Amino acid sequence: MMEMGTLKQILLITDGCSNQGEDPVAVAALAYEQGLTVNVIGILDDTESRETSSLKEVEGIAASGGGMSQIVYKEALPETVQMVTKQAMTQTLQGFVNSELRQILGSKQTMEDLPPKERGEIMEVVEELGETCDLEVLVLIDTSASMTNKLPMVKESLLDLSISLNARIGKNRFAMYTFPGKKKAIERIFNWSPKLEDVSTVFPKLTSGGVTPTGPALREAIYQFGKKRLLRGIRSNDFMEEA
Amino acid sequence: MTLWKKHELFFRPGKKIIGKWQHHRYTIKRKLGSGAVGTVFLCHIGGREVALKISKHVSSIMTEVNVLKSLKKVQEHRLGPSLMDVDDFVIKDGTTYTFYVMEYIKGDHLRSFIRNHGTEWIGVFMLQLLDDLEKLHQRGWVLGDLKIENLIVENNPPKLRWIDVGGTTRIGRSIKEYTEIYDRGYWGLGSRKAEPSYDLFALVIVFLSVFHEKQLTKGRDAKTTLLKKLVETKALNLYEPILKKALLGQYPSSSLMKQDMLALLYHIQQRRRINTNKALWPFVLESLGISVIAGGLYLASIYFVP
Chain A
1 MMEMGTLKQI LLITDGCSNQ GEDPVAVAAL AYEQGLTVNV IGILDDTESR ETSSLKEVEG
61 IAASGGGMSQ IVYKEALPET VQMVTKQAMT QTLQGFVNSE LRQILGSKQT MEDLPPKERG
121 EIMEVVEELG ETCDLEVLVL IDTSASMTNK LPMVKESLLD LSISLNARIG KNRFAMYTFP
181 GKKKAIERIF NWSPKLEDVS TVFPKLTSGG VTPTGPALRE AIYQFGKKRL LRGIRSNDFM
241 EEA
Chain B
244 MTLWKKHELF FRPGKKIIGK WQHHRYTIKR KLGSGAVGTV FLCHIGGREV ALKISKHVSS
304 IMTEVNVLKS LKKVQEHRLG PSLMDVDDFV IKDGTTYTFY VMEYIKGDHL RSFIRNHGTE
364 WIGVFMLQLL DDLEKLHQRG WVLGDLKIEN LIVENNPPKL RWIDVGGTTR IGRSIKEYTE
424 IYDRGYWGLG SRKAEPSYDL FALVIVFLSV FHEKQLTKGR DAKTTLLKKL VETKALNLYE
484 PILKKALLGQ YPSSSLMKQD MLALLYHIQQ RRRINTNKAL WPFVLESLGI SVIAGGLYLA
544 SIYFVP
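Quick mapping for you: the protein sequence lines, in order, are chains A and B.
Taking our numbering, I'd label the letters of the first sequence as residues 1 to 243.
Taking our numbering, I'd label the letters of the second sequence as residues 244 to 549.
Next up, chain B with everything else stripped away, as it sits in the complex (with noise of 0.2 Å):
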């Protein structure tokens, strides 16, 4: 860490990275945010824009790399963003970063697309995550750190897409990477094993958080405080049951809480359909009313015929 201040000057927007092996020469526009592994700048090469993320760590920058690759292999359906490289980059005083470059995700975050067009797309995003998380899982990974700092909403048509997927990790081990409040272990509701139940929960603390974006915090009993938040969040309240279950770890696999999703969809649109029916009613009322009446006076014309 302190090694990176020391080079922060090798890493201003213009300059380039250079790999060792593959040559390739990516110009730095600007830093797009670091964290525990590393540090990611959106750079361009030949015109075109990358974001690619770099580290004293190879170790934790092969990790990574070896997630992306193996999630390429489903990517008739797009699981995270696309690896287009991997290299070192020597700078001058002999130092070796290692880093690699995918694919740059331009949209909105979460939080202010959803300010923006509403809460109807709050089960719309939802289906999208279960549908991703229900591929991963069935591949034999778990996100691991879900959050909404993680995902981006992708424009035309709006796609919720993962920007990150440094926590992924083989179903069975030790959760990878984490973020304390979308961590079940955190809130005692669970281990830190990589189980699909492990996403599912974290995904419920993606939806709380787009709503409460002062941090969650345990309270005296860290349970209670969690169900009553999600009581509190009346944008969720239609969700409630399912994503309850979810926080409490009840939902095995994601195909399932995605069913009850979609069940639970299905009927809000029936009711909704109802209930546009209902809005319907005066203006039936009206109509009705001036036909009676003037089919009344076409009978009453009819009868008054001399």
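The shape of chain A in the complex, shown without the other chains (with noise of 0.2 Å):
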């Protein structure tokens, strides 16, 4: 059978347009290119409406980052998060499926140029790598003024997704980064770990304010996902600290 590397993913909540920094849409293809996946949840104020929101950019910077997005008021956070979240472990999968029948049946057949009943097959495969695959998210948090009455929801969105993903029988690893940071764009907040439960005991400690610099904030996500590859190259026993 295939063999199955680690899903990577990088989930952005934000709730408002980057307004400093290079264009976020631009990092997220690069993103795309370094084989992450970016999802974007953007959060509506309770009078906002879709139509006049200024999350515009939310499906942009999804789209070139090869993931999911959504639109959401702050109470419908958890419901997405996760679905947002599965919902692109299934595209990604079906992805690198298709890539594999292209290389098996040529030319340009994919699975929805297949007859219905030959694509049964094709997605149990698909649902089963969903299952088995390890996953990685590094959650990425606008903490930017407006945002403060919507972290509570973040928090239970995120322990939402915890129980999601620690029902699958596949490895999961999480980190927990804020932007803007301090002093650099984006602030450590929570290192890689399985247990993305964990993240409830530094939401208090959360502070948010300034501005929304989202590109410079998912640059260095990319950076901080290709450092950690570097050093798990170095400690080739970093799996053994789940034990």
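Honestly, the hints are just simulated from the structure, not real lab data.
These numbers come from a predicted model, not from an experiment.
A virtual CB, placed ideally from N, CA and C, is assigned to each residue, including glycine.
Computed spacing ranges between beta-carbons, pair by pair:
1) B:N359 - A:D134: 47 to 57 Å
2) A:V125 - B:G337: 22 to 32 Å
3) B:I414 - A:E22: 42 to 52 Å
4) A:E22 - B:Q371: 54 to 64 Å
5) B:N359 - A:T6: 47 to 57 Å
6) B:K488 - A:V202: 35 to 45 Å
7) B:Q513 - A:D46: 49 to 59 Å
8) A:D46 - B:D336: 35 to 45 Å
Taking lysine-lysine pairs in the PhoX-like style, the calculated list, with each CA pair at most 25 Å apart, reads:
9) A:K117 - B:K259
10) B:K378 - B:K488
11) A:K155 - B:K436
12) B:K272 - B:K259
13) B:K488 - B:K471
14) A:K117 - B:K315
15) B:K335 - B:K258
16) B:K299 - A:K56
17) B:K466 - A:K155
18) A:K155 - B:K461
19) A:K86 - B:K436
20) B:K312 - B:K349
21) B:K436 - A:K195
22) A:K195 - A:K86
23) B:K312 - A:K117
24) A:K86 - B:K248
25) B:K487 - B:K390
Work from the hints to combine the two standalone chains into their complex.
Following this line, the structure appears as structure tokens:
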């Protein structure tokens, strides 16, 4: 069967347009080129309507980052975060499977080109992979001033995400960063760990304020993924920490 | 999702959905509902009514088709709607939608049925559900997204049917699709792993929602809130011990819960019979009294025979 690596995702949670630094849509494209998927959740203010929202950028970032996006009111965050994460996993895996198919069947064959009867088995493979593959999620949270009253729901939704992902057979690892950071673009507040449920301990210490440098934050997040890969090269017993 | 909006006019009543591979033509009657995965339409083909679920997400549709296919194999005992067709629909601008066609299950919603026909149906429907869940679990699946909206009471004889099996997940995997208030993870009462006890938890919430149309909310302490709601729901008092065990995940299998439920219902029936016998007493006393008097008169009449 297919050799599967680890799926790597950046989960960006924000409530506004970037207003500092490079274009996040371009940075997301860069992330995608490096094998990462960028998912974006845009949180609406209670008074804001979906049409007039300042969150147009959200779809663009996810589209160029090969991920999913969803714009929601804060009450719907928990359901949305886990759904977006899982759907993006399926989408990425289906991409892999499609490219394998192309190698086997040649030309432009993808699952969609096959008659429905033959798709079933392929879908089973995708599902199997989604259940068993390892997953790394870097959660990137916008803590600019307007996010203050939304942070409790963000915490809820990350706890909920941990319930969903912990039910999988494959291994999960999470890290959490916030932006803008005090001196750097982003601030690490939770280092790579299999236990996302532990993030609740760091939430009370979060402070919000400042501008929204989404682009630089994304760039820094990509770098953190790369750095981690390097570190893992050096310390091959990385996964032993989980035991 | 934005794509759907753009194509809305292709899915109005009277429009046709034509299969790319099988060439079947379905005429849309009306929309039945839409969910996370896709939209369901009531359609007709050759004078027959069918339910057609259509979506942009091939993968989600195919996953559900897989589930329906494997349920088909157990359909000497019907679990979920039966699958009739799977195909693609290419609309004019070249966009491809994928759909499947299933049996259209007609009937009442659980809430209105119980409102109209009485709470004595609760026990019956619980048993029917447990029966179906037992069969499903034995086949290695968990229903996952069991909720009141996914249930229909078919008439003659009344039978509770599942109309959406999209959340059905292999035992041991992570639940594919769920709804917050029916999810034990949301209430902090268990994991999101597909286990029989996951469905049994949702079953209790289904019957709680029959009486609490407004959304159940977590409150400060989710577990306490939920157990309190259960106690407060008078119509479920009879079943409370069993339902509580199910909420706390103490039934590892549907068969065990069904056994308890059967024993309880038998017990209730016995008690009702005794109660009916009690209700007979005044009549018995009266007739006894009458016969005593009559007997006395009879004896007296013999005694006083000159």
